[in-house]
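Enquirer: Chain residues, written in single-letter form:
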Amino acid sequence: MALDKVDAVIVGAGAAGPVIGKELAVAGYHVVLLERGKFYQSSDCRKDDLYNQRTTILGNAFGPDSEGEPRVVVDGKGNERVVLPWEGGYNNNASCVGGGTLSYGAMAWRFHPLDFQMKSKYGAIKDSTLDDWPVTYDDLEPYYEKAEWEIGVSGDDSNNPFKGPRKRPLPMPPVGPPSKEHRLLDAAARKLGLHPFDIPMLRNSVPYNGRPACMRCRWCVGFACEVDAKCGTQNTVLRTALKTGNLELRTECMTREVVVDDKGHATGVKYYDENGRLQEQPASIVVVSCGANESARLLLNSKSKLFPQGLGNRYDWVGRNLQGHNYTGAVGLFEEEMYDDLGPGASIAVSDYNHGNPGLAGGAMLANEFIRLPIHAFGTRPPGGARWGKEFKDYMRRNYRRTMMVQGPTQEIPTWDARVELDPKVKDKWGIPVLRLSGQRHQHTVEIGEAMSLKAEEWLKAAGAVQTWRRVGGRGLSGGQHQAGTVRMGKDPRTSAVDGNCRVHESDNVYVVDASVHVTNGGFNPVLTIMALAYRAGEHLVRQMKGGRA
Amino acid sequence: MPNPTSAVYDRGESSRGGSDLKRREFVATAATAASAGCGARLAAGYRFFSKDEARAIDAWTECLIPADDLPGASLAQVVRYIDLQLTRRFKKLQEPYQRAAEAIDEAAQRAHAKPFAELATEQQTALLAALDAGKGDKALWGLDGGKAAFEMVLNHTMQGFFGSPRHGGNRDFASSKLVGVAPVQSRGRLHYSFKENS
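Listed in order, the protein sequences are those of chains Y and R.
Just so we're aligned, residue 207 is where the first sequence starts under the working numbering, counting upward by one.
Just so we're aligned, residue 3 is where the second sequence starts under the working numbering, counting upward by one.
No lab work stands behind these hints: they were computed from the structure.
The structure displayed is predicted, hence computed values, not measured ones.
Hints are supplied without guarantee of correctness; some may be wrong.
Stated by the list, open to error - With a cut-off of at most 30 Å between alpha-carbon atoms, the simulated DSS-like pairs for lysine-lysine come out as follows:
id	chain 1	residue 1	chain 2	residue 2
1	Y	253	R	94
2	Y	631	R	93
3	Y	635	Y	476
4	R	179	Y	244
Unchecked claim - Okay, the calculated beta carbon distance ranges per label pair:
id	chain 1	residue 1	chain 2	residue 2	range
5	Y	593	R	145	21 to 29 Å
6	R	135	Y	509	52 to 60 Å
7	Y	623	R	144	28 to 36 Å
For every residue, glycine included, the Cβ atom is placed at its ideal position computed from N, Cα and C.
Isolated chain Y (complex conformation):
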């Protein structure tokens, strides 16, 4: 039996869902927010270096973390295998209230204006679906600002001449004082003629929004913040929304399908509640915000007369163009000790190489890396060095505190074949068909990454590194924590799945709001763009509902 109808049901409480939920709830509309994961608190930090959201050797601390949620991965040779959520190739992002924003490193980048105009800037690229966004930086600017002030961003990008225009500075100063590596990299960048600045971070550097400042521990990316100084959706907009009394959060609820009538109009969603019972939640508006992998899956699992191949999938664009970031950079070894235990580690960046690289369609922001815990040091040793025995032990003893790492999220060139679809055989513990991932990165993505790693190496050498070694990504599919692109936004229904307001083409009341809609994913961490899109979509929805439409 169906539950009482609400104004909107939002599927997914990640970076976008709670933002829209808050916009609607504050405007007086009744909202149900469904989340398949749990509602963790800062006390769930646990500082466990083998069991967190970045190092998943023993599992995903913030989900999914059960063997009942597998995926199928098809490699470049056509071999397929079933992978579990904490295994390589799964391309996971956290499933919990707050999604990735509970445990992220919290870089708060605005995309570069050219990141929205990639095809106009660089032209068509062979074997790529590169295109422009239907919205521009200027369209998003007010919403970037709203995200920065409502959710909370610290940093100082005033020395970044490459950024798009901003009307207001960031609300909080950078986390300080700078670490030793920050000071060395700052001087080195200036020596190279670059423009270093303090990374914008969704992290309190001073008390803000009723929560304390960062205490600069080393357990940051991958962990929930012990003192709640990181600003996610779960401790900001969601709290505001819950206080209105208009939003009901239901956790451990797995949505099976969006229920769509013959005309493409959604009547609600069907989901399995925390006890595994099938429920139907009717709603005037359905918002899908599950991340690029799971949003595509939900649409593909929502078949109807108008959309027999899945909601919004008339022209086969749902699940295509899966992209993330090609993380590339370099590690430097120094004579002096660098390690001063001042977290979070990442603090200084340059945006000089995001665009304007000769012969390359894009680039990356480069920044110093978060503190590498000892468990990570094994993977960042110089190539060719001893991997075991006395020589290895001596290396760790001498050099763990003498390395520095610079890297960046190289912009990916989207391809039609990098995709998710439904696996014809494998189902999850609720009996819902799981995702099947296949395809690979565009060759040019690898070429841009190569170039960026050389720039990182150059920066480290200028800072005094006595030895450097590069880290370059391959052509393996990447759609993990920065997953994007699978439900492309566009003006033409034949070459995209949603319109500029994130509404599914040909459906009057289904919206997809998360990085799925990103046409391209910028050379920056994507979360602030997701939040800005959600504010914009939320405002649009409120306007629609006030006008009595949808």
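With chain Y fixed as given, assemble chain R onto it according to the hints.
Expert: Chain R only, in chain Y's frame:
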């Protein structure tokens, strides 16, 4: 190569909960009964490994991170980490581990007529270096010459040595001493000030 003394293991056990200890004793008794008469005594209480398997894997990990003035993998109880995870997230690897332990002992017997754990460090290192190079006896190790087994134990040794002690290894934060970083930061803005390093 020094084998860990039972005293070291006993100290580790005593820090665990009572009911846990009882269960471990029971498992240990069962394991001892099953393999009575085989080789030298190791401390009891493994969840998955037999006594001989534990002894071989323990010696294997110690070769990968040997003790000097600071503990190696054996004192850090890396084998405990592996043993515990084989009953949890590494269940799929139970068989590969049993085969690896059996094969390394067999290789040691053929070369030196002793179990792996009783070989001299140089002999052990030579056997493992062959696996690392994929040049182990194919009849014993399969077509990859032991490379997969070597990588498996190497990765888990690093995890057990550098990872959180709550998972069974890194006893007394052995690896924190090695890398020279305090294992647990206690830091609050009101009690500690941030001083710039000069």
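Enquirer: Please test the hint of 28 to 36 Å on the beta carbon pair from residue 623 (chain Y) and residue 144 (chain R).
Expert: Distance hint for residue 623 (chain Y), residue 144 (chain R) holds at roughly 35 Å.
Enquirer: Given the hinted pair residue 635 (chain Y) and residue 476 (chain Y), is their alpha-carbon gap at most 30 Å?
Expert: Holds, because 16 Å separates the two Cα atoms, which is no more than 30 Å.
Enquirer: Do the Cβ positions of residue 135 (chain R) and residue 509 (chain Y) conform to the proposed distance bound of 52 to 60 Å?
Expert: Cβ of residue 135 (chain R) to Cβ of residue 509 (chain Y): about 54 Å, so the range 52 to 60 Å holds.
Enquirer: Has the given pair, residue 631 (chain Y) with residue 93 (chain R), been kept, meaning a C-alpha gap of at most 30 Å?
Expert: 24 Å, holds
Enquirer: If you check the beta carbons of residue 593 (chain Y) and residue 145 (chain R), does the distance land in 21 to 29 Å?
Expert: 22 Å, holds
Enquirer: Is it true that the CA of residue 253 (chain Y) sits at most 30 Å from the CA of residue 94 (chain R)?
Expert: Given that 30 Å is the threshold and the Cα spacing comes to 26 Å, the pair holds.
Enquirer: Within 30 Å, alpha carbon to alpha carbon, are residue 179 (chain R) and residue 244 (chain Y)?
Expert: 36 Å, violated
Violated hint for the displayed structure: number 4, the only one.
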